[in-house]
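**Q** Letter by letter, the chains look like this.
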Amino acid sequence: MIELENVAYSYGGGELLSDVSLRLAPGSFHFLTGPSGSGKTTFLKLCYGELVPTSGFARIFDQDVRSMTRDDIAMARRRIGVVHQDCQFLDHLPISDNVALPLTVAGFDVQSESQNLAELMQWCGLTPRANALPPELSGGERQRAALARAVILSPDLILADEPTGNVDWEMSQRLLQLLIELNRMGKTVMIATHDLGLIRAAKQHVQARVLRISNRRLQLAGADL
Amino acid sequence: MRAPRFLTDLLVADGSADRVVPPSGFTAHLTLFSAGVMAFLAVFALALSLATGRLADRWGDELAHASTVRISAPDDQMAVQTEAALRVLQTTDGIESARALSEDEQRALLAPWFGPEVPVESLPIPQLIEVIESDAGYDAAGLRMRLSAEAPGAVLDDHTRWRRPLIAAANRLRALGLFSILLIGGAMAAMITLAANAALAANAKVIEVLRLVGAQDRYIARAFVRRFTLRALAGATVGTVAGMIAVLLMPSQAEVGFLTGLGFAGAEWFWLLVLPPVAGLVAYLATQRAALRVLGALS
Numbered sequence: 001m002i003e004l005e006n007v008a009y010s011y012g013g014g015e016l017l018s019d020v021s022l023r024l025a026p027g028s029f030h031f032l033t034g035p036s037g038s039g040k041t042t043f044l045k046l047c048y049g050e051l052v053p054t055s056g057f058a059r060i061f062d063q064d065v066r067s068m069t070r071d072d073i074a075m076a077r078r079r080i081g082v083v084h085q086d087c088q089f090l091d092h093l094p095i096s097d098n099v100a101l102p103l104t105v106a107g108f109d110v111q112s113e114s115q116n117l118a119e120l121m122q123w124c125g126l127t128p129r130a131n132a133l134p135p136e137l138s139g140g141e142r143q144r145a146a147l148a149r150a151v152i153l154s155p156d157l158i159l160a161d162e163p164t165g166n167v168d169w170e171m172s173q174r175l176l177q178l179l180i181e182l183n184r185m186g187k188t189v190m191i192a193t194h195d196l197g198l199i200r201a202a203k204q205h206v207q208a209r210v211l212r213i214s215n216r217r218l219q220l221a222g223a224d225l
Numbered sequence: 226m227r228a229p230r231f232l233t234d235l236l237v238a239d240g241s242a243d244r245v246v247p248p249s250g251f252t253a254h255l256t257l258f259s260a261g262v263m264a265f266l267a268v269f270a271l272a273l274s275l276a277t278g279r280l281a282d283r284w285g286d287e288l289a290h291a292s293t294v295r296i297s298a299p300d301d302q303m304a305v306q307t308e309a310a311l312r313v314l315q316t317t318d319g320i321e322s323a324r325a326l327s328e329d330e331q332r333a334l335l336a337p338w339f340g341p342e343v344p345v346e347s348l349p350i351p352q353l354i355e356v357i358e359s360d361a362g363y364d365a366a367g368l369r370m371r372l373s374a375e376a377p378g379a380v381l382d383d384h385t386r387w388r389r390p391l392i393a394a395a396n397r398l399r400a401l402g403l404f405s406i407l408l409i410g411g412a413m414a415a416m417i418t419l420a421a422n423a424a425l426a427a428n429a430k431v432i433e434v435l436r437l438v439g440a441q442d443r444y445i446a447r448a449f450v451r452r453f454t455l456r457a458l459a460g461a462t463v464g465t466v467a468g469m470i471a472v473l474l475m476p477s478q479a480e481v482g483f484l485t486g487l488g489f490a491g492a493e494w495f496w497l498l499v500l501p502p503v504a505g506l507v508a509y510l511a512t513q514r515a516a517l518r519v520l521g522a523l524s
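As you go down the protein sequences, you meet chains A and B in turn.
Those letters in the first sequence? Residues 1 to 225, by my numbering.
Those letters in the second sequence? Residues 226 to 524, by my numbering.
Since the hints were derived computationally from the structure, they do not count as laboratory data.
None of the values given here were measured: they were computed from a predicted structure.
Using N, Cα and C, we set each Cβ at its ideal position, and we do this for glycine too.
Incorrect hints may appear among the rest.
[To be verified] Simulated DEER-style distance windows between Cβ atoms: (1) VAL206/A to LYS430/B: 29 to 37 Å; (2) ARG66/A to ALA492/B: 56 to 64 Å; (3) GLN63/A to ALA467/B: 30 to 38 Å; (4) VAL52/A to ALA467/B: 47 to 55 Å; (5) ALA492/B to GLN63/A: 51 to 59 Å; (6) LYS430/B to GLN63/A: 23 to 31 Å; (7) LEU498/B to THR69/A: 34 to 42 Å; (8) ARG184/A to ASP243/B: 33 to 41 Å; (9) VAL52/A to VAL499/B: 42 to 50 Å; (10) ASP243/B to PHE61/A: 27 to 35 Å; (11) ASP243/B to THR69/A: 21 to 29 Å; (12) ALA492/B to PHE61/A: 55 to 63 Å; (13) TRP123/A to ASP243/B: 28 to 36 Å; (14) TRP123/A to LYS430/B: 23 to 31 Å.
[Unchecked claim] Short, incomplete list of chain B residues facing chain A, as computed with Cβ under 8 Å: (15) LYS430; (16) LEU435; (17) GLY439.
[Claimed, not checked] Computed list of chain A residues with no C-beta within reach of chain B, every gap over 10 Å: (18) GLY37; (19) ARG66; (20) ASP71; (21) ASN131.
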């Protein structure tokens, strides 16, 4: 579903990523690791069309990113759930509306989806906070709300950037559990993290491959970690 | 193509696109206010151009078909020359009728200048002959030559000399009025573009979030476009009504002429109904352009 072929990316200065090739197969579970500043976020942005490679080819759902219009990318985003490191919400709308936002912008009738929305909020443990505004949420609640928003359109692919970045261990286990559940439902998952404990914990439950960015290149890390 | 989309975007009660952009109290009031002021000014520019248009038409019509022959002669020849001139006029092609003004009529013409008590009989004032042309018109140069032969004291004044600058002035005023309306529209478009740019910049984070969850540019733009269009529509409606009331309250005494003729007559009031929708359309186009340009510039 996502294919990168000899992709390089530079922000001006030197290249941050070079010669990256990868095929994300449906239903796979990947971790992406590497030191901070190594380009994990950039890599994810290449995967959801936020950035266009400076050289090489990126294909999202078999479409070359360079040939995609802004609206094509918007349509692709409806099939890719993204959880950002610093989750951004519409701060003037309550959490339930924020979680339903992808439905709203895609033109679905939010009323008729209210049952699904309630179940998802329940599943993420957000029901008691449904009417709170985003700035009132704790870090863990924000991460869960971002995850809920990322999956409400039932995307084929979930990209999560440090989803456990600012939550405690217990909360990170719950978030991981949510992502593993989603993977069991057939979603492709990629999690960028530098938390090796999280990766070890995940490996007990799911067949996960670990990609590591080092020296500007993407490598498949060994089975042992 | 544009009109139906314009209408569906505006009229379909899709509150969702509106809600995703946070409400903005202060700038909203400024947009309303400016649209109102512009509409108010447009009412006067419109009144000016319509009134001067009427004036130019009227002057054109009234003066085009009338000329005057003025006979200045010693008292004893006055009657003879008047007779001669009338004969010439009646035998000229293109002249429908010619008639010497009576003393009473001449006195009435002079009254505004000398007062009603002027003893016209005892003054050496010229005799006037009113000439009405047919639609075809007559040959002024030929007529002048024949008049000078038959009645040496007769002078033909075919009014073009002072009609032309008046009509030109009226037409110029009308053009200026229309041009002012264009300028007002342009200024409003510029103002709304600035306001929309400010709103888009202030909501950069909102746009980013919407983009992340798969909103297409048209959806994002709609939230802004709808808001500014409705504001301009509301502001312009208030401004137009205020301008209309101001025009109605102007003292209107027909005799004073041009200045108080500044207003609307009959079907011309209809043009006022057009102002608010036009303001809305201008706002729609300005915001749409601004929004799509700003969004298109994002990666």
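**Q** Determine for every hint whether it applies to the structure shown.
**A** Verification of the hints:
1. VAL206/A to LYS430/B: 29 to 37 Å: Since VAL206/A and LYS430/B have Cβ atoms about 34 Å apart, the given range 29 to 37 Å holds.
2. ARG66/A to ALA492/B: 56 to 64 Å: With a Cβ separation near 58 Å, ARG66/A and ALA492/B satisfy 56 to 64 Å, so the hint holds.
3. GLN63/A to ALA467/B: 30 to 38 Å: With Cβ atoms ~54 Å apart, the hint is violated.
4. VAL52/A to ALA467/B: 47 to 55 Å: holds (52 Å)
5. ALA492/B to GLN63/A: 51 to 59 Å: Once the Cβ atoms are compared, 57 Å apart, the range 51 to 59 Å for GLN63/A and ALA492/B holds.
6. LYS430/B to GLN63/A: 23 to 31 Å: holds (28 Å)
7. LEU498/B to THR69/A: 34 to 42 Å: Hint holds: Cβ distance 40 Å, inside 34 to 42 Å.
8. ARG184/A to ASP243/B: 33 to 41 Å: Given a distance of about 39 Å, which is inside 33 to 41 Å, the answer is holds.
9. VAL52/A to VAL499/B: 42 to 50 Å: Taking Cβ atoms as reference, VAL52/A and VAL499/B lie about 47 Å apart, which means the hint holds.
10. ASP243/B to PHE61/A: 27 to 35 Å: holds (31 Å)
11. ASP243/B to THR69/A: 21 to 29 Å: Roughly 25 Å apart at Cβ, these two residues keep to the hinted range, so it holds.
12. ALA492/B to PHE61/A: 55 to 63 Å: holds (59 Å)
13. TRP123/A to ASP243/B: 28 to 36 Å: Because 30 Å falls inside the window, the suggested range holds.
14. TRP123/A to LYS430/B: 23 to 31 Å: 27 Å Cβ-Cβ, so the 23 to 31 Å window holds.
15. LYS430: holds (6 Å)
16. LEU435: holds (6 Å)
17. GLY439: Hint on GLY439/B: holds, closest Cβ of chain A at ~4 Å, below 8 Å.
18. GLY37: The claim holds: GLY37/A sits with its nearest Cβ about 21 Å from chain B, beyond 10 Å.
19. ARG66: Non-interface label stands for ARG66/A: nearest chain B Cβ at 13 Å, farther than 10 Å.
20. ASP71: violated (5 Å)
21. ASN131: At about 15 Å from chain B, ASN131/A clears the 10 Å cut-off, so the statement holds.
Checked against the numbered hints listed earlier, the structure breaks hints 3 and 20; every other hint is satisfied.
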